[in-house]
Amino acid sequence: MGFLNPLLLAGAAAVAVPIIIHLLNRRKFQRVVWGAMRFIKASVDQNQRRMRIEDLILLALRCLILALLALALSRPAMKSSTTDLFGQTKVTGVLLLDNSFSMGVSDGAETRFDKARKAAEQAIDALPAGSATAVLLASDIAQGLIPEPTFDLNFARKNIREAKLSDRASDLAPAIQKAIETLKGRAALRKEIYLVTDGQAAGWRQLGDIQKSLEQTKSEIKSHILLVGAKEEGNLGISGLTVAGGLTPVNRPIRFEVQVTNFGKEEAKNVRVTLGVGSEPSGDEITVPLLRPGETIGVSLFGKLRAEGFYPVTARIPDDRLLADNKRTVVCRAIREARVLLVDGEPGTEPRDSETFILGHALVPVASLDRENYFVKTTTISAMELSTTRLDDFDAVILANVADFPEATVKALEQYLKRGGGLMVFPGAKVNVGFYNDVLFTRHALLPAALGPAEGNADQEEKFVTLQTRNYEHPVTALWNNPGAGTLASARFYRAFKLEPAAANQKPAATDAGPARTVLRYADGGPAVMERAWGLGRVFLFSSTADTAWNDLPVRPAFLALVQRTLGSLVQRQDEGLNVPVGQEFTRQVSLDLIGRDAQVTGPAQSTATRELRRIELANGVPTFRFASTDSGGAYEATVNDPPVVIRFAAQPDPRESDLAELAVEDKEKLKTAASVYDWSPSLSFRDLVEKERVGTEFWLPLALLVLALAAVETWLAQWFSRQK
Amino acid sequence: MDKQTIDSLLDPLTIQRAEALGLQARYVVEGYMAGEHKSPYRGFAIEFAQHREYAPGDDTRHIDWKVQARTDRYFIKQYEQETNYVSNILLDGSESMQYGSGRLTKFQYGKMLAACLAYLILHQRDAAAVGIFDQAMRDYAPRSDNRATIHTVMQRLAAFAPTAQTNIAGVLHDIARVVRRKGIIIVISDLFDDEEKVLEGIQHLRFAGHEVVLFHTLDPDEFEFPFKGLVEFEGLEGIPKILTRPQEIRKSYLREFEAFRTRLREGCEKNHVHYVMVNTAQPLQEMLSSYLAFRLKTTTR
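Quick mapping for you: the protein sequence lines, in order, are chains A and B.
One point on numbering: in the numbering used here, the residue at position 713 of the first sequence is 713, and numbering is uninterrupted.
One point on numbering: in the numbering used here, the residue at position 18 of the second sequence is 743, and numbering is uninterrupted.
Here chain B stands alone, though its shape is the one from the complex (with noise of 0.2 Å):
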């Protein structure tokens, strides 16, 4: 792979503000090195959280005595213990997301931002994973902190060609099964899909306990609809061409649409999901740091 392709990914200008910024995670997650992240593990080490009553089986090095002493009853001590997070970082390469009316295609921009967060991540030592998926995961790098990843990561990123129709909520709902450790699930995508289908999906990551942000990255074209006379539309998954006037139906298109984002925003909220548009005109580091910011703001330990 051509350095100068890997390196497009990778934009000096965003990775620089972004690093001020960090990537909390926005829950306690699960981690293996003590890092800046709260951990879902209440437990045993650092910092007390809870009591819970015991139950058979606990460990009984856990006991409160000085509960048992006081009320006579056995209560477990329990602690949040700061965690290394593992982010899964998970693109949508379907073909719907080749668009690109700018400079960029929707999966050009996605690349880059898959990119921007993996350094993130393994720059704050913990640990990513990135996939690209369609109709199912297409290319997995797996889990990793060690910085040097981020190369073989970039690799991957940049060797993908979208080429099948996608199936977001068929990933999500793999992912929820097979990655046990709970950490952040981030999904990049464009969501063309059976909206109900891909909230399942994320409710389905949100059970599993994970933190879900999910990104969905339109171009303007496709939230403004700007086109005039005559225009033949060509489906990018096999959908059948469509040629009409699209000027006549700007106002219904973009009611269509409308409502399509806001079932999806209202589902992100109902499950806690951060949805943040992302508008491909938009450059990568002013949205990336717009939402790390707002991320710093709402994370709270």
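Chain A extracted, bound-state conformation (with noise of 0.2 Å):
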């Protein structure tokens, strides 16, 4: 015997009340001089027994009434495993249903997700009579279909019927801490959880703390755990898909490179991987001999895009069960020249002198003859006519040992940041370094770091620093995480400036200046390469030459791949957004004339009829384009009408996902201590495992209608009692 609602119990205080009442009302009276008090006497000496008769009933009844209320509203309940007397108990429960995209490997005739529906509609059908439910949708995140328990169970069976199935992964420890929350506060006697989801052991990849939880709440919450889909032994997906240079110049091949990973326990033979550009759908295609289980293989297959503007690019391997990993899309914004202006601080008398002579053949790495049809334009001027020329005709600009520059420069090259622009700053021996470190850094915050001291000799080759061989977080350098993509690490410093970047409490000057970030560090884990985003634009910093005074870099093969995917990085800043992880929210910065209007978007699963609105608003005074529903792997489309603008983003599902292992058989064994985990099938009969717990009842009705009994019969008794007599 427990109550439901035990601070409620403290209503039986309330007993009081009548004895409080008549113990006021005796103070409540009026006052009669009178004479004939013989015959009141006489009358009262013959009633006074009966009349205290009469209101202790009273009183006793009243004082019943509300204790028994009280008692009600506390809602005592007694749970009992050994008789099913008083039937079965309400349940108030949370139904998970598990959406990752593992669920949708097909048996050839339905999906996980088919089964998984039909199991959860069981549960639901389990439930006894007058039990609520809630329905969530669990992947990476608990998504709530009725986030709060419904008495309708209809209503549940019909978003249980409806659901979808999504391309995020599954983590299966946030959708079972909001079934929790959501039961924890509820007064219930009976409190379950079902969770219906396929064994797959990336889902538990958080087990341990879903042991902990489910146990902590054992004995408050019952959790059922059906797990549905027969083992899936192979499943070949497609990991990774990147643009390999930083460019994506139109009609030049672009190389991409795509990650095919075996995720099965056996080995796959001939394996076609076909690229698709925008509407075609296949292009470039390479077969794998073979992959062996668990192995991932990059290969690279080219594309052309032909004209300016969005492509979503498409890898895809032959269909097997699990479809939504066969496939890989992202978008890339083609561009028909980059425009770089070298400015040469140290010209030198002859060209292979000058301090930009390695940089710009890096820029432009071709022979000279074709140099006109390459796509990377570069112009340079010495440090004298940067204050001449009107930087918004270039997409990026190089400083390359300038030494100092005047302020209305400063201020121009602060406008042309702002408006998108990208600049690129190699130190040497001729900068001002309190120009740059006064200005630049600590007055208009455009460096992401000041310059410290130079340490090292330039004129020796024995002492010498190297870059970081590992661990590159930075996407203009997480190319060399990949050791087939070569090395950095050869490249020998012998003199740099010491970035100090700003103490990360220090705001910056200009609230246009963005966090500065570490692109590449010395071996020492020193900065090497910093940057910061600034307005639309942004700044890169190196801490040495762009030629070989103080450094061998520029003449290391790497050199052209940092230089090619920091331009990248320049040139298309605001293109890095236009793939996000499945799930994650799209953002995009767009021109100022779009404000209010509203984008239709259409998803890759949708078709045109289901369009999803979405309004241009500003965000931090920007206006920004957002889309969260990024719940399908694929390309996106957003319109707008008038003027016609197109943009396309894309949506990667988590590779994770495509591991199709089973949870092991002693960490199913570890949950059943704290779940009952059963595998369900069409034959399994839920009701009948779950019903038995279910005995048990509560008592809040019955005590109900006794008072309400009860106050009938006071208030005839107090009708009675005072008529007449």
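These aren't lab readings, by the way, just hints derived from the structure by calculation.
All C-beta atoms, glycine included, are put in the ideal place defined by N, C-alpha and C.
Don't take every hint at face value.
Said to hold, decoys possible - Partner residues aside, some chain A positions facing chain B, computed with beta carbon under 10 Å:
1) Gly35
2) Ala36
3) Lys41
4) Leu717
5) Phe721
As the list claims (entries may be wrong) - Okay, derived cross-link-like pairs now, DSS-like style, lysine-lysine, Cα gap no bigger than 30 Å in a straight line:
6) B:Lys922 <-> B:Lys966
7) A:Lys28 <-> B:Lys966
8) A:Lys41 <-> B:Lys976
9) A:Lys41 <-> B:Lys966
10) A:Lys304 <-> A:Lys377
11) B:Lys953 <-> A:Lys28
12) A:Lys28 <-> B:Lys995
13) A:Lys164 <-> A:Lys178
14) A:Lys178 <-> A:Lys90
15) B:Lys953 <-> A:Lys41
16) A:Lys212 <-> A:Lys90
17) A:Lys41 <-> B:Lys922
18) A:Lys212 <-> A:Lys672
19) A:Lys184 <-> A:Lys672
20) B:Lys976 <-> B:Lys953
21) A:Lys118 <-> A:Lys178
22) A:Lys28 <-> A:Lys90
23) B:Lys995 <-> A:Lys41
24) A:Lys212 <-> A:Lys231
Starting from the two chains in their separate frames, assemble the complex, guided by the hints.
Following this line, the structure appears as structure tokens:
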């Protein structure tokens, strides 16, 4: 016997109320100075005993009514597993339906998700009459179809039947936590969680925490885990698709890096990988002869973007039982050309002596005859000419060993960056450190770091520092995490400035300045290259020279890739966010004239008839398009009419979800200590399994009826007693 | 005493109506003015009443010689004499008379009644004495047939304020002993005393040859008992307070009260006493004129 609202038992103190009222009433009377007392006295003597008894009966009834009311409100309940005399207890439940993309595995007839919906309906059917349930979709988040328990079980069934599979990964911990939170505060005799999921190990990656949560609430909340879907041995998936170079120029073959993984336990042979650009179903293709279990192979495929604009690029492998990971899409924006202004602070007498000689060649790595046709166009000027050059004609400006420049040029650079221009700064022997630090770093906050003391000696070759060899975090350098892409570590730095970024809590002087990030480090951990976003543009600051005066990086093969990728990052700064993980919000800054306009968004699995509308609104003072419903992997298209603007972006599913490995037997046993685990099959009678546990009853209704009856008796008695006697 | 208070005791309308009816002594009343009343003294004046056998000591002048001649026995002739009667108006001035639910308390009503009766009696050239009593006679205006006495009577009535408990029976016994001359004794009281003793007192008065009229003065609350809710009754004559719900004891109260009245009424009837229930809510003139009309009808010479 227990109470579901034990605090309300305190209401039993209300039995004092009739007594207090009785006592107070005794103090509230009419006073009459009376002559014929002997008759009253005689009558009272005759009736006193009866009146006292009647008073006591009424008082006792009133106290009893209040005490029973308090008792009914505190919802007394009896849990019992030995008798079903009182029938089944009402259940307040939360149904968690796994809709991560591994639930899309089909056995040829139906998917795991189809089975899960059936199992979920069975769980609802097994609820005793008067029960309530919430329905949540569980993937890496808990998405409330019916966030709070409803008594309308048909509504719950309808929601389950209409639930949609997503391309999200599965991590069941947040969903289970949400379910526990939903139930915890509720006053119910029986609380149950039903989790319908496949037995994929990836979903239970936080098994320890899940088990702990379930164990802690075991006495209050009963958990049932229904595992659907047969064991699946083989699955191939595309686990990655990236643009290999930083730049995506029009009409030039662009290399895409496709990673294919064998998540199964058997070898896969002759896996055909195709690449489709835009609406073309397939372009370049390659066949991977052998993929061993657990192996990931990266292949390069080439595609061409025909004109300027956004292109979805999709890599595909042949369909297997899990469709969602058989293709992967990225969106890239094609550019016609990238114009770069090289400002040479030390031109020298011969071209090859110039500070920007190697840099210029790294930016345009083609024979001089082909330079005209190459998409990167460079213009080299001296530091003197900087103040008279129109910066807006260029996509990026590179300052190489420029001593300093007038304030007006700093202002022009600021405006240029604000509008989306890119700036690359290479220091050298000629730079005016004071100007760089006081004006460019402190006053205008253009540079991501101040130039500290220049360390090392450029005139010798014995003492040098090298760059980091692994754990590249910045997108520009992430390429070198793959050893096959070459190395940066071979470069030797004889002399370099120490980059000193502002303290984390120090606010930059300019509001347009973004946080400083380290792109590349030296082996000792000190920053070698840093960057910061500035307005719509971006600034990269190197710590050493662009030529071989202080280091030999410019003559290493990796220099070309580093410069190209840095240029890509500058030119296509806004394109970085075009590809988001499934479930993450897509945001993109758009031009001012689009404020207040509605963009129609078509998702990868949607027809044009089911477009979603999103209004373009100001975010932090910048007109921004936002779209958060990226539950499906693939390309999305947002269009604004008049003037026609099209933005394409893509969502990529988490490759970990492709791993269909099942929860280990020992983990399953561990889970069974905290929850009931069933392997679901259509013939499983879930009702029989749970019914036995649900006996017990609540007593508030009979108590409430008793209170009503007593109240009626009290009213009648009060009338009867106060009649004339 | 302020004139207004005194005047209020004599309601002109009441007097006007009552005058027409007069106050007939119901029985033969001893009187010294040959008035409109039968005399209790059978004797020797105007109107023959009966014969009685001679007894030694009787005045021989009254022997009916004609009868003696016929029968050879001595009979005395007795006559009825119309007398001026003497009325004693006794007003209960105990605390319990102070209750009043309406405009007037029982005592005020009683005072008006006493004043009107005194006026009427004096106006008929009869003699009236007015006394106010509680446990004993507190104030007494000796008998007088002088009309001017009415003023004194009213002053005394107006000046009296009740303070003590009642002892009606004792007072009646005293009156019976003290008032030698037979007349009308008018008692105005709520009679909240032991009714057995009260009746004994009345019997004593009757035995002394007085005509007794009992004006049982009651407030409507006392015989209707209309109270509701929780009421504390504070006794006027030293009885402890009682807190009760009157509605729940109403029937029982009314039963008790009615039994009390019945005992009184029956006792009065047995002693040939006019029992008049006075409802203080009823206008005085109505009450008085209806009583006098009744009296006129029942009084025979």
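Consistency of the hints with the structure:
| no. | hint | in the structure |
| --- | --- | --- |
| 1 | Gly35 | holds (3 Å) |
| 2 | Ala36 | holds (5 Å) |
| 3 | Lys41 | holds (6 Å) |
| 4 | Leu717 | violated (13 Å) |
| 5 | Phe721 | holds (7 Å) |
| 6 | B:Lys922 <-> B:Lys966 | holds (25 Å) |
| 7 | A:Lys28 <-> B:Lys966 | holds (15 Å) |
| 8 | A:Lys41 <-> B:Lys976 | holds (13 Å) |
| 9 | A:Lys41 <-> B:Lys966 | holds (9 Å) |
| 10 | A:Lys304 <-> A:Lys377 | holds (20 Å) |
| 11 | B:Lys953 <-> A:Lys28 | holds (13 Å) |
| 12 | A:Lys28 <-> B:Lys995 | violated (47 Å) |
| 13 | A:Lys164 <-> A:Lys178 | holds (20 Å) |
| 14 | A:Lys178 <-> A:Lys90 | holds (21 Å) |
| 15 | B:Lys953 <-> A:Lys41 | holds (17 Å) |
| 16 | A:Lys212 <-> A:Lys90 | holds (26 Å) |
| 17 | A:Lys41 <-> B:Lys922 | holds (20 Å) |
| 18 | A:Lys212 <-> A:Lys672 | holds (12 Å) |
| 19 | A:Lys184 <-> A:Lys672 | holds (21 Å) |
| 20 | B:Lys976 <-> B:Lys953 | holds (13 Å) |
| 21 | A:Lys118 <-> A:Lys178 | holds (23 Å) |
| 22 | A:Lys28 <-> A:Lys90 | violated (49 Å) |
| 23 | B:Lys995 <-> A:Lys41 | holds (29 Å) |
| 24 | A:Lys212 <-> A:Lys231 | holds (27 Å) |
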